[in-house]
Amino acid sequence: MDIRHLRYFVTVAEHDSITRAAEALGMEQPPLSQQIRQLEKNLGVVLFERLTRGVKLTDIGAVLLPRARTILDLQAQFLSTAQGLARGEMGHIRLGLAGAVSLLPVIPFTIRRFREMAPDVTIFLEESNTPSLCTALHEPSVDIAIVRPPVPDPVRLSVFHLLDEPTVIALPRGHKLADTPVISLDMVAQDPLIIFPRELGPGFHDAILSAYQVAGVTPVMGQQAPQIAGTIPLVAAGLGVSVVPRSLSQIHAGGVTFHTISEPAPRATLAVAIRAGQNMPLVTRFASVLRTACRKWTNRQPEQDFFDLE
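Going by the UniProt record's numbering, 173 is the number at position 173 of the sequence shown; the sequence numbering is gapless.
No lab work stands behind these hints: they were computed from the structure.
The model shown is predicted, which means the values in this text are computed figures rather than measured ones.
Positions of the beta carbon are idealized from the N, C-alpha and C atoms, including for glycine.
One or more hints might be untrue.
Distance windows between CB atoms, simulated [unchecked claim]: (1) Arg156 <-> Thr180: 41 to 49 angstroms; (2) Arg4 <-> Pro105: 33 to 41 angstroms; (3) Val63 <-> Gln38: 18 to 26 angstroms; (4) Pro119 <-> Arg267: 45 to 53 angstroms; (5) Thr81 <-> Arg115: 13 to 21 angstroms; (6) Thr180 <-> Arg295: 32 to 40 angstroms; (7) Arg69 <-> Glu199: 52 to 60 angstroms; (8) Gln190 <-> His92: 44 to 52 angstroms; (9) Pro150 <-> Arg69: 19 to 27 angstroms.
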């Protein structure tokens with residue numbers, strides 16, 4: 001049965017006239033009458049009583065009418081959903097975030113702005129470390145991830161640079177340099193360096209140690225933190241100092257002060273990763289919006305609030 005037959009049936013029922021229904025459908029009356037008769041023949045029922053002027057639904061036709069409308073509504077919903085998915089306006093995104101990424105203001109800003117642009121899209125967040133997120137992309141239990149490069153197995157992933165976030169030194173309150181706004185790495189070379197395991201973020205881990213090396217000093221390795229953000233409580237406990245992304249200075253941990261690092265200062269690089277050959281319009285669109293927002297964030301004036309990135 002052609003779906004058009006149901007549309008003809010509903011239109012005739014709504015107008016109580018094949019002639020008026022034909023006008024509404026933009027077709028001639030004889031072909032419409034023929035299509036209705038063909039539908040009745042296919043179904044083995046009589047849908048309309050033919051009157052002198054117009055038509056009237058039979059009892060069977062009255063029962064079938066709301067069901068025909070339901071089928072047409074489902075068809076319209078199906079088409080609308082398909083078109084929305086094709087435009088990247090419907091569906092859901094499973095977004096992975098590497099450690100402490102959610103603290104960078106441009107990231108929640110982008111998520112909020114994308115939800116305003118595409119209110120029919122649901123975004124699920126999962127926070128983990130870069131290697132685990134790359135595994136999740138392959139499984140796939142994550143559609144897109146904001147990671148700290150480099151990534152393992154880059155052949156199967158498409159990775160795009162987002163930004164290079166400045167870093168700061170976190171000192172325990174009461175440290176002899178607690179009142180010094182700008183600190184060089186050689187000034188804290190004798191303090192235990194609290195850092196996360198390299199396997200959780202080899203790129204950022206190596207950037208920190210390389211900056212110490214360029215500064216001409218070798219850090220005293222202290223206790224390892226379970227994750228990047230986990231360094232702050234250890235610093236607050238007086239177990240050492242840590243080099244962290246500047247966004248972590250938003251953590252209002254008592255007993256910690258944050259200080260600008262004089263050059264050479266490491267950068268905390270972020271990138272967005274998707275599966276190679278990804279053809280989900282929604283994911284592609286979100287990645288594009290994210291890259292644009294990060295570019296504007298990087299190029300903004302120092303005093304410009306991230307909510308002004310229109």
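A quick look at each hint next to the structure:
1. Arg156 <-> Thr180: 41 to 49 angstroms: holds (46 angstroms)
2. Arg4 <-> Pro105: 33 to 41 angstroms: Hint violated: Cβ distance 53 angstroms, outside 33 to 41 angstroms.
3. Val63 <-> Gln38: 18 to 26 angstroms: holds (20 angstroms)
4. Pro119 <-> Arg267: 45 to 53 angstroms: At roughly 35 angstroms between Cβ atoms, Arg267 and Pro119 fall outside 45 to 53 angstroms, so the hint is violated.
5. Thr81 <-> Arg115: 13 to 21 angstroms: Distance hint for Thr81, Arg115 holds at roughly 18 angstroms.
6. Thr180 <-> Arg295: 32 to 40 angstroms: About 33 angstroms separates the Cβ atoms of Thr180 and Arg295, which means 32 to 40 angstroms holds.
7. Arg69 <-> Glu199: 52 to 60 angstroms: With Cβ atoms ~59 angstroms apart, the hint holds.
8. Gln190 <-> His92: 44 to 52 angstroms: With Cβ atoms ~50 angstroms apart, the hint holds.
9. Pro150 <-> Arg69: 19 to 27 angstroms: Check failed, 56 angstroms falls outside 19 to 27 angstroms.
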